[in-house]
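J.: Chain by chain, the residues:
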Amino acid sequence: EAAVTQSPRNKVTVTGGNVTLSCRQTNSHNYMYWYRQDTGHGLRLIHYSYGAGNLQIGDVPDGYKATRTTQEDFFLLLELASPSQTSLYFCASSDADNSGNTLYFGEGSRLIVV
Amino acid sequence: GQGVEQPDNLMSVEGTFARVNCTYSTSGFNGLSWYQQREGHAPVFLSYVVLDGLKDSGHFSTFLSRSNGYSYLLLTELQIKDSASYLCAVRANNNRIFFGDGTQLVVKP
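Chains A and B supply the protein sequences, listed in that same order. Under the numbering used here, think of the first position of the first sequence as 1, with each following residue one higher. Under the numbering used here, think of the first position of the second sequence as 1, with each following residue one higher.
In case anyone wonders, no lab produced these hints; they're calculated from the structure. A portion of the hints provided could be inaccurate.
Taking CB as the label site, the calculated pair distances span [said to hold, decoys possible]:
| id | chain 1 | residue 1 | chain 2 | residue 2 | range |
| --- | --- | --- | --- | --- | --- |
| 1 | A | Thr5 | B | Asn21 | 32 to 40 Å |
| 2 | A | Ser22 | B | Arg66 | 36 to 44 Å |
| 3 | B | Thr76 | A | Asn18 | 44 to 52 Å |
| 4 | A | Thr86 | B | Glu14 | 33 to 41 Å |
| 5 | A | Ser28 | B | Arg38 | 22 to 30 Å |
Which residues of chain B face chain A? A few of them, derived with a C-beta cut under 7 Å, are [unchecked claim]:
| id | residue |
| --- | --- |
| 6 | Ala42 |
| 7 | Pro43 |
| 8 | Ser47 |
| 9 | Phe99 |
| 10 | Gly100 |
| 11 | Asp101 |
On a predicted model such as this, the values are computed, not experimentally measured, just so you know. Virtual Cβ for every residue (Gly too), placed ideally from N, Cα, C.
Model the full assembly from the supplied sequences, consistent with the hints where possible.
T.: Here you go:
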């Protein structure tokens, strides 16, 4: 089973602060995704990537940057954090074959912007 | 546009069944998945379908109709522990995977 590890698990920052959320997957998957989830809602796609150096824009990209430095590592950057970015963030990975619908999730990173 | 719609809530009785509906619109359909999510935890994969028809996986079965942009997840012989949120996810072009808001299933004794 794919292993996806996120850090930090919890983070509190001030408005205007700089935050980096990290994600590492160890099953050599091509695709990695960043989602945010707010109370009572499903997951909304922020950015995703199909390999090192690649970045695809998701549905709610404003205020977020992302970088895929290696096949294993995908980072989400909030350079000027705002209270509206208080959320639970999930990273996920998947392979690019016919089973590519299976997303393997990390445990989530809870971010609070005060 | 593209989107996934699910009912917010569903209630059923232990020992019976529940059907969670999902409708979607997308350009370039490349499969649909269902996930179970418990409060404060990551979603867990349940089922994946890409062809029309019913896929029977025992406790969970999944139906897909691509022409109608419709799927459902059927849970049989419900147990109290099946109470959770069920998320429908669609894979579109370029492996973009987007989710509905989830259906909160409550199973009563």
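J.: Confirm or reject each hint.
T.: Structure-based check of each hint:
1. Under the hint 32 to 40 Å, the C-beta atoms of Thr5 (chain A) and Asn21 (chain B), about 34 Å apart, fit the expected range.
2. Ser22 (chain A) and Arg66 (chain B) have their C-beta atoms about 37 Å apart, which keeps the hinted 36 to 44 Å range intact.
3. With their beta carbons about 50 Å apart, Thr76 (chain B) and Asn18 (chain A) fall inside the hinted range of 44 to 52 Å.
4. Between Thr86 (chain A) and Glu14 (chain B), the C-beta spacing of about 37 Å keeps the proposed range 33 to 41 Å intact.
5. The beta-carbon spacing between Ser28 (chain A) and Arg38 (chain B), approximately 28 Å, falls within the hinted interval of 22 to 30 Å.
6. The interface hint given for Ala42 (chain B) holds, since its Cβ lies 4 Å from the closest Cβ of chain A, which is under the 7 Å cut-off.
7. Interface restraint check: Pro43 (chain B) against chain A, minimum CB-CB distance 6 Å, threshold 7 Å, status holds.
8. At a threshold of 7 Å, the smallest CB-CB gap from Ser47 (chain B) to chain A is about 9 Å, leaving the interface hint violated.
9. Interface hint at Phe99 (chain B): satisfied, since its Cβ lies 4 Å from the closest Cβ of chain A, which is below the 7 Å cut-off.
10. Against a cut-off of 7 Å between C-beta atoms, the interface hint on Gly100 (chain B) holds, since the closest Cβ of chain A lies about 5 Å away.
11. With a least beta-carbon distance of about 4 Å to chain A, the hint placing Asp101 (chain B) at the interface is held under the 7 Å criterion.
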